[in-house]
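> Here is how the chains run, residue by residue.
Protein chains: 4
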Amino acid sequence: MNVTIINTGGTFNKRYNPIKGQLEVPKDNKALEKIIAACHNVDFELINVVSKDSLEMNDEDRQIIVQSVKNTKNDKIIIIHGTDTVHLTSALLKEEVKNKKIVFTGAMVPMSIDEVEATMNFSQALGFLSANIQNGTYISMHGVVVDCSKLVKNRELGQFLIQE
Amino acid sequence: MNVTIINTGGTFNKRYNPIKGQLEVPKDNKALEKIIAACHNVDFELINVVSKDSLEMNDEDRQIIVQSVKNTKNDKIIIIHGTDTVHLTSALLKEEVKNKKIVFTGAMVPMSIDEVEATMNFSQALGFLSANIQNGTYISMHGVVVDCSKLVKNRELGQFLIQE
Amino acid sequence: MNVTIINTGGTFNKRYNPIKGQLEVPKDNKALEKIIAACHNVDFELINVVSKDSLEMNDEDRQIIVQSVKNTKNDKIIIIHGTDTVHLTSALLKEEVKNKKIVFTGAMVPMSIDEVEATMNFSQALGFLSANIQNGTYISMHGVVVDCSKLVKNRELGQFLIQE
Amino acid sequence: MNVTIINTGGTFNKRYNPIKGQLEVPKDNKALEKIIAACHNVDFELINVVSKDSLEMNDEDRQIIVQSVKNTKNDKIIIIHGTDTVHLTSALLKEEVKNKKIVFTGAMVPMSIDEVEATMNFSQALGFLSANIQNGTYISMHGVVVDCSKLVKNRELGQFLIQE
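Residue numbers (our numbering), protein chains in the order written: chain S, 1 to 164; chain C, 1 to 164; chain X, 1 to 164; chain F, 1 to 164.
Looking at chain S on its own, in the form it has when it is part of the complex:
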């Protein structure tokens, strides 16, 4: 299977900087490395853009993501994204790109702090892309992968929940 990962930052990637005493969104793919290392049946193309907490993303950043998706040759794409504005970016992608299988994912807790939730959300996307699915824009969080309009962040609970 060929999959393009577009890593845009967000909590998924955050790492603690002991000098500054705070969590930072790095410009690398270190949070993905350990997961990818165990994916012996996938050829990944890795693209790193934006590298922001999604609260700080602007329209320009979202255009960069749209262009990155349009430029890939692969039609199977996973986008790592912050959880706070993933609904905005995924809605834009749904409108702009109709001929690919795009799965947004991310995490409520950084991979560097808890390996389970981040690995789960990302790996669900891989399993979903293994199936014979239709072109579309999806979100993979907390147990399921569904159309991006249907999985919504509940800010009180810190959970993405299906909204019927």
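Everything labelled a hint here was simulated from the structure, so no lab data went into it. Misleading hints may appear alongside valid ones.
Any copy, or any two copies together, can satisfy a pair, since identical chains are not distinguished.
Unchecked claim - Listed below are the simulated DSSO-like cross-link pairs for lysine-lysine, each with C-alpha atoms no more than 27 Å apart in a straight line:
1) Lys-30 to Lys-98
2) Lys-73 to Lys-20
3) Lys-20 to Lys-52
4) Lys-34 to Lys-20
5) Lys-100 to Lys-153
6) Lys-27 to Lys-73
7) Lys-30 to Lys-20
8) Lys-34 to Lys-98
9) Lys-34 to Lys-94
10) Lys-34 to Lys-150
11) Lys-20 to Lys-101
12) Lys-150 to Lys-100
13) Lys-52 to Lys-98
14) Lys-150 to Lys-101
15) Lys-30 to Lys-150
Given chain S, work out where chains C, X and F should sit, using these hints.
Then chains C, X and F, alone, in the frame of chain S:
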């Protein structure tokens, strides 16, 4: 989404017993607990049978697994299984049960030692079951979910690889 | 061995709050629990005061710590403290309390993110208190336990280094 | 501080081999690396001998350890050792070497499975060696560092406990 997990043991579940100084297959679902806790959109039914290293499974054990699958009301089933004889049990299930979506999974390294590989293999199964897939018997390991006849353990590399 | 732990907060204790998306100093001893659980030969008295990032500690907070030390019956005391102002609090204790064995410790990376550095700094203090040492105020960080005036935080490197 | 570490194997070092499906005592110091990396105030000399589960150690192995200790220039020595026969090797060292500070340590659970207990036992030894202690042979386990004759493995509990 409603999913039945049939936990039959295997490396996925192994835990270190400091008194005996060795890894054991416990009769509980502790290895699954942390993953399941983050699956806010899935109702799980958890069934524990056999609880063996798959090298020690016999025909009787496999019949117990077949019966467990037949008895579930859910048609989406994940079976945690040892990696050494998963090809035998999955081939049997493929013959015996035609009306469900069954995904075998497991791990080369215990969840208690490495949370990434085990979480990945299990979560791929969840993502695959989120898609509109056909009834069948599948294996979810190392990046992909495919028909159970196509993903084979390479014992030298310690990897499940697609065999065309 | 009888040891009083006075937990005043600091990076050692910080935990990620997924709802707020940031690290917090909790008012509990969760960061200590897993270490203490393996200390089968120590009777601990656990005291929780201040619970602050040490940059935010004021003179009143330091008086609370001094009083807590004076009030303990045990003469072996470990104080968990933030790294940024541990030199101030330990210098005060050195002046105010002459009849006990006080070991300050902490961590550059939260126990919830990296279990090794925090466990190391704390456990060095236990080993030091096991020896027949003189009353005094010490710091336990990064491999050694010495008089509190001699181990200084290098803010560029993020390391406590012996200053001769 | 200058410290010689003599790594003789034991549970402390064990790692899971996914190909063989079992824990092995490797001939390297990987279990120590992460701890040592945070010890900014210690110059370590690292010596690797024997590399066995201590149940399999024989008299010849113990002579190798005695010779290694006699050959070191440092008088502060930490010996990583399996827990099952550490009482035999430490008793021998106590007789054979009178002019050094020797601290035996190890773990009930491999560092590769649980970083807390192994890091704790090792780091207690560092803290103890930081104090002005007398020459002797000691054991550092589960909260304390005492003369090697006084800390005994309770095989039912899987704990080293002080025996008065």
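> If a hint holds in the structure, say so; if it does not, say that too.
A quick look at each hint next to the structure:
{"no.": "1", "hint": "Lys-30 to Lys-98", "result": "neither (30 Å within a copy, 42 Å between copies)"}
{"no.": "2", "hint": "Lys-73 to Lys-20", "result": "neither (39 Å within a copy, 38 Å between copies)"}
{"no.": "3", "hint": "Lys-20 to Lys-52", "result": "both (18 Å within a copy, 17 Å between copies)"}
{"no.": "4", "hint": "Lys-34 to Lys-20", "result": "both (25 Å within a copy, 21 Å between copies)"}
{"no.": "5", "hint": "Lys-100 to Lys-153", "result": "within (24 Å within a copy, 31 Å between copies)"}
{"no.": "6", "hint": "Lys-27 to Lys-73", "result": "within (23 Å within a copy, 46 Å between copies)"}
{"no.": "7", "hint": "Lys-30 to Lys-20", "result": "both (19 Å within a copy, 24 Å between copies)"}
{"no.": "8", "hint": "Lys-34 to Lys-98", "result": "neither (31 Å within a copy, 36 Å between copies)"}
{"no.": "9", "hint": "Lys-34 to Lys-94", "result": "neither (30 Å within a copy, 32 Å between copies)"}
{"no.": "10", "hint": "Lys-34 to Lys-150", "result": "between (30 Å within a copy, 25 Å between copies)"}
{"no.": "11", "hint": "Lys-20 to Lys-101", "result": "neither (39 Å within a copy, 32 Å between copies)"}
{"no.": "12", "hint": "Lys-150 to Lys-100", "result": "both (19 Å within a copy, 26 Å between copies)"}
{"no.": "13", "hint": "Lys-52 to Lys-98", "result": "within (25 Å within a copy, 47 Å between copies)"}
{"no.": "14", "hint": "Lys-150 to Lys-101", "result": "both (16 Å within a copy, 23 Å between copies)"}
{"no.": "15", "hint": "Lys-30 to Lys-150", "result": "neither (30 Å within a copy, 31 Å between copies)"}
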